[in-house]
Amino acid sequence: MLEFALKRAAWASFVMLAVITIVFMLVSQIGDPCAARLGANARPEQIAACHEQYGFDQPLTAQYGAYLGLSSCVRKSSPNYDGGEGHCGILQGDLGESMRMEQDVVEVILTRLPRSMLLGAMAMGFEVLLGVFIGIIAATRRNTWFDTGVMATAFVGISAPTFLSGLLFLYFFAFRLGWFPVGGYGNTPLEHIYSAILPAFTLAIIGAATYARIMRSEMVETLRADYVRTAKAKGLGPVAVIMKHGARNALLPIVTLMGLQLAILVSGAIITESIFAWPGVGRLAIESIHNLDAPIIMGVVIMVSFTVQFGNFLADVAVGALDPRVRVDQE
Amino acid sequence: MGSRIGAFFFSDPRALRRFRKNRGATAGLALVVLVTLTAVVGPLLAPHSPEEQNLEELLHDNGLPIAPGENPAHPLGADTLGRDELSRLLHGGAVSMQVALFATALAVFIGLSIGIISGYFGGAVDMFAMRGVDILLSLPFLLIVIAIQRVVDRPELWTLFLLLGLLSWTTLARVTRAKTMQVRELEYVQAARALGMSRRRILLRHVLPNVMGPAIVIGTTLVAQMIIVESAMSFLGFGVQPPNASWGSMLREGQQYLSHAPRLVLYPGLLIMATVFGFNLLGEGLRDALDPKD
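Chains H and V supply the protein sequences, listed in that same order.
Here our numbering is used: the first residue of the first sequence is 1, the next is one more, and so on.
Here our numbering is used: the first residue of the second sequence is 1001, the next is one more, and so on.
Honestly, the hints are just simulated from the structure, not real lab data.
No experiment lies behind these values; they were computed from the predicted model shown.
Ideal placement from N, C-alpha and C gives every residue a C-beta, glycine not left out.
One or more hints might be untrue.
Some chain H residues flagged as far from chain V (calculated, every beta-carbon gap over 10 Å) [unchecked claim]:
| id | residue |
| --- | --- |
| 1 | E45 |
| 2 | K76 |
| 3 | Y81 |
| 4 | L113 |
| 5 | V317 |
What follows is a set of in silico ranges between Cβ atoms, one per label pair, in the way DEER data are often shown [stated by the list, open to error]:
| id | chain 1 | residue 1 | chain 2 | residue 2 | range |
| --- | --- | --- | --- | --- | --- |
| 6 | H | G84 | V | V1151 | 27 to 35 Å |
| 7 | H | A35 | V | L1064 | 32 to 40 Å |
| 8 | H | M1 | V | F1121 | 26 to 34 Å |
| 9 | H | M1 | V | F1128 | 24 to 32 Å |
| 10 | V | L1195 | H | A5 | 43 to 51 Å |
Per the computed footprint, the stretches of chain V lying under chain H, defined by three or more beta-carbons under 8 Å from a beta-carbon of chain H, are [what the hints assert, rightly or not]:
| id | stretch |
| --- | --- |
| 11 | 1136 to 1150 |
| 12 | 1226 to 1240 |
| 13 | 1257 to 1270 |
| 14 | 1276 to 1283 |
Looking at chain V on its own, in the form it has when it is part of the complex (with noise of 0.2 Å):
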C-alpha cells in the first residue's frame, strides 16, 4: 500500500502501522483488492459469454452438466443449461461487486451527511432524523426490501442498488451522528466557531475528518452485509433478474440440482463466502487500527 493511499484513510500515521502490522487485516485487504479486481476485470477475462447456452457439448446424455475437467475449455464444467460456470462466475462477480460497492457508496453518502446535520445542528432536526432511523429499524428490512423490489415494474441493477443504498444508511448515520456531537464541543471547533468560520468549512474541515474513521469501519462492514442482501435476495428470486446473473441468482439455479452437482452451489457460495470474509477482516482491522482502545 502507497503511503499517500495510507495517509488518505489515516489521518493518524501511528494506525496506519497498526494496521499494517496486523495480520489479518492485511490478508483481508489483499481478498478485498482480490475481489474488487476480479469484480472490474473479470468479465474481460472470461473464456465465453456467460450467456452461451452450448447444449450439445456441454451436457450429458442425460441432461447433467459436465463436470470440472471433462473438457479443457472449460475449466469449471457447466451449468445445467450447458453454459461454462467460469465464465458465469466471473460475470455473476462483476454483479455482486456492482451492487454491493454502488449501494454502500450511496449509503454511507447519506448516512455520513444526516449523521453530521443531525449531530451538528441537534434540535428539531435532529430529532426529526433519530425519528425516521427509529422507524427504519423497525421495519423488518430483507421483506421491505423484497416488496419494494417486486413493486418495482422492470427491476433493474440500478434500482437494486439505489433501494439497498436508500434504506441500509441507518447504523452508520447513528454512529457519525454522536462523533459528531462530542467533535462539535471540541475546543478548536469552538474556536473555529467563534473566529466566524463558515458553517460549510467547519463541517467539511473539523468534523468530516473525526467522523471519517468509524464511518470507514462501518462502510467496510456494510459492503460484507450489501452482498449477503443482494445474494439472498437473488437467492429467493427477487434480486438480479435473468439475463443478468449475481452469485446469489447463481445459487438459486444450483439449488435445484443439488443432489446431482452440488458444485453448482458450493462455487458462488464459497465466493460470497470469501468476499464477505475479506470485508469483515478488513473491517476489524480498521477498527482496531483507528480505535486502539478496544
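Just chain H, with the same shape it has in the complex (with noise of 0.2 Å):
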C-alpha cells in the first residue's frame, strides 16, 4: 500500500512539474509584463530597469530554475536576493511579486480565496440540496408529469451557459427586483454571504441539475433492491423507507461526485465571477490576464493544478486502500 502510495506521489510530483513547465513557457511568451505595467509612454531605462528588478534580463533557463526554486534567486525585489546563493522559488513557498499589485503573489492569493470558497461552498450547498431533493421527489412519482416535467427542466438546466442564467437573475433579482445587490462582496461576513447568494445559486443550477438525474436513476434502482421490499414488507412507513433504506444507499455516487468539484471551490468560477463583481480566484486570474501580470497568472494555475492533483491523489490512494484490484491495476 505505501508503494503504492509512494508511486501515486511520485507520479503527481512529474505533473506538476510538467504543469509549471508548461505554464512558464506560455507565460514568458506572453508580452512584456514590464512594458504592460509601465504604459505606452514609460522611457526605456524605465523598462530595463523594471526588467533588471523582477529578473526579466536574465536567460529564460536561470529565470525557471530561479521560479522552481532550484538556482539563486534573480528577483531583486525579493527579500532572499543576496546577488549569491539565497532562493525565493517554489521550493521556498515563494511564487513571486504581482507586478501590478506590488504585492507577494502568495498572499494575493490566499486573500482571493476565502471568498471563492465561500462562493463555492454555498453552491455545493444549494446544488446537493435541491439535486437530491428533486431526485427523490422524481424517484418517487416515477412516471407521473411531475417527474417528466422536472426531468425535462433538469435537461435543460445543463444546456443552460452560466452567462445566461446569471445575467437573467442578475436583471430580474437585483435590477428588477432589487432584492440582491448587483455585485460585489460587500464588507460584513453576513453582507458577504448575502451577496454570494444569486452567484452561488447561479453556480449551482447546473450541479443541481446534474445531480437531481443520478439521484432519480439510483433512487429508482435502490426502491426496487429487496431489502427496501423487506422494510416496507416489516411495516416500515414510506417516508422512513424512502430516507432510511432508499436515499442513504443512492447518495453514495453524489459524495463521489463532491469529491470530484472540489476544484471548482479553490479555482473559482470564471464566469460567475466576472458577472457579479465577486473579487475571488477566478476574477483574479482574468484580471492577470488582462493586465498581463505574469506572476499572478501562473501563481493561480500552478495553485489550481495542485488542488486538482492533490485531490486525485487523495482519491485514488483512498479508494486504493479500500479496493485492492486498483493497486494491482496501477502495476
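Take each chain as given, in its own frame, and dock them per the hints.
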C-alpha cells in the first residue's frame, strides 16, 4: 500500500513539474509585463530597470531555475535576494510578486481564496440540497407528469450556460426586484453571505440538474432492491423507507461526484465571478491575464493544478486502500 | 433522414430504429440541423450588414436602441451601436457554429488517432500518450485557453478553433483507447492479424468502425461544449474579436446595457442555450441508440 502511495505521489509530482514548465513557457511568451505595467509612455531606461528588478534580463533557463527555487534568486525585490546563493522559488513557498499590485503572489491568492471558497461552498450546498430533493421526489413519483416535467427541466438546466442564467438572475433579482446587490462582495461577513446568494445559485444550476438526474436514477434502482421490499413488508412507513433505506444508499455516487467537484471550490468560477463582480480567484485570473501580470497568472494556474492533483491523489489512495484490485492495476 | 445517411452513422440497423423511435433524439437532431443550416445560409438571409451603424434611425434620442417592432425593416430592433440585431444574430451564429464545428472536427480527429494508436499498440507509445492526457487534464482548461489566446499576436477565427481543437481531444482519446483495447482482442481481429492483414487495414477496416460509435456520441456533446467555451471566452473578451461577432461577444456587449435592454443578452443567450440543448439531446439519443445496455 505504501509503495502504491509513493508511486502515485511521484507521478503527481512529475505532473506538477510538467504543468509548471508548460505554464512558465506559456507566460514567458505572453508579452512584456513591464511594458504593460509602465504603459505606452515609459522610457526605455524605466523598462530596463523593471526588467532588472524582476530578473527578466536574465536568460530564461536562469529564470526557470529561480522560479522553481533550484537555482539562485534573480528577483531583486525579493528579501531573499543576495546576488548569490539566496533562493526565492516554489520550493521556498515563494511564487514571486505581482507586477500590478506590487504584492506577494501567495498573499494575493490567499486573500482571494476564502472568497471563492465561500461562493463554491454555498453553490455546492444549493446543488446537493436541490438536486437530492428533486431527485428523490421524481423517483418516488416515477412516470408521473411531475417526474417528466422536472427531469425535462433538469435537462434544459444542464444546457443553460452560466453566463445566460447569471445575467438573467442579475436582471430579475437585482435590477428589477432589487432583492440582491447588483454585484460585489459587501463589507461584513453577513453581507458577504448575502451577496453570494445570487452567484452561488447561478453556479449551482448545472450541478443541481446533474445531481437530480443521477439521484433519480440511483433512487429508482435502490427502491427496487430486496431490502427495500423487506423494509416495506415489515411495516415501515413510506417516508422512513425512502429516507433510511432508499436515499441513504442512492447518495453514494453523489458523494463521489462532490469530491470531484472540489476543484471548483478553489479555482473559483471565472464566468460567475466576472458577472457578479465577485473578487475571488477566478476574477483574479482574468484580471491578471488582461494586465499581463505574469507572476499572478502562473501562481493561480499552479495553485489550481496542485489542488486538482492533490485531490486526485487522495481519492486514488483512498480507493486503493479500499479496493486491492486498483493497486494491482496500477503496477 | 435518408437510410443511406443512417447507414453511415449506424452500422447496426437496430440502432437506427431505436434512434428514430426516440422523440427527444429526433427533436435534438431537428434543432441541430436547423442551427447548422442557419449557420450556413444565415448570413445570406440577413437583411442588413451586421456592422453597418445607423445611428439616426436605430437609436432613440436618449441613446437607447429601438425595440423590436418599432421599425418594420428591423424586426428585432437594434443594438446599442445602432446595428440591426437580427443580422448580427444570424452572422454571430455562423461564427459560433464555425468555431465549434471546426474545433470539434479537429479534436475528434486527434482523439481518434491517438486513442486508436495508443490502444492498439500499447507499450511505450500508450504510456507516453496517456501521461500526456493526464498532464493536459490537470491544467485549468478555460484559463489556459484564454492565456494562449492572449499570447497570439493577432487572434483570428482560425487560431481560436485550432486552439480549442488542439486542447480538447483528451476525453475522446481515453474512451477510444479503452474501446480499441477491447476490439484488439476480438477473435476476428486476431484472425485478421494471423492471416497477415496489414496493420493499416486492420486499424481502418476493423478497429475504426468499432470505435466510431462512442466517438460520434462524444463528438456530438463536444460541439455543445465548444459552443459554451467559445461563448465564455468571447463573453470575457478573449475569444472572437471585432469586427467578427459571435453570440458570446454579443452577450458581452449586451451585458453593459443589461438594465435598459435585457433583450440584447436574452436573444444571443437563448440561441446559445437552444443550440447546446439540441446537441446534448442528440448526443444522449445517439448514446441510447448505440448502447442499449444503459
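Consistency of the hints with the structure:
Distance check for E45 (chain H) against chain V: the nearest CB is about 26 Å away, which clears 10 Å, and the non-interface claim stands. Look at K76 (chain H): its CB is around 26 Å from the nearest CB on chain V, clear of 10 Å, so calling it non-interface holds up. With a least beta-carbon separation of about 27 Å from chain V, Y81 (chain H) lies farther than 10 Å from that chain, consistent with its non-interface assignment. Distance check for L113 (chain H) against chain V: the nearest CB is about 15 Å away, which clears 10 Å, and the non-interface claim stands.
No Cβ of chain V approaches the Cβ of V317 (chain H) within 10 Å, the least distance being about 16 Å, so the stated non-interface status holds. At roughly 34 Å, the beta-carbon separation of G84 (chain H) and V1151 (chain V) lies within the given 27 to 35 Å, and the hint holds. A hinted range of 32 to 40 Å holds for the C-beta pair A35 (chain H) and L1064 (chain V), which are about 39 Å apart. For the pair M1 (chain H) and F1121 (chain V), the supplied restraint of 26 to 34 Å holds, since their beta-carbon distance comes to about 32 Å.
For the pair M1 (chain H) and F1128 (chain V), the beta carbons lie near 28 Å from each other, so the given range of 24 to 32 Å is met. Evaluation of the 43 to 51 Å hint for L1195 (chain V) and A5 (chain H) yields a pass: the beta carbon distance comes to about 46 Å. Only when three residues or more bring their CB closer than 8 Å to a CB of chain H does the claim for the stretch 1136 to 1150 of chain V stand; here the count is 10, and the claim holds. Beta-carbon proximity to chain H at under 8 Å applies to 7 residues in the stretch 1226 to 1240 of chain V; the threshold of 3 is reached and the given coverage holds.
For the stretch 1257 to 1270 of chain V, the proposed coverage by chain H is satisfied: 7 residues have a C-beta within less than 8 Å of a C-beta in that chain, meeting the threshold of three. Remark: the stretch 1276 to 1283 of chain V is confirmed as covered by chain H, as 4 of its residues place a Cβ nearer than 8 Å to a Cβ of that chain, reaching the required three.
The earlier numbered hints are all upheld by this structure, with none contradicted.
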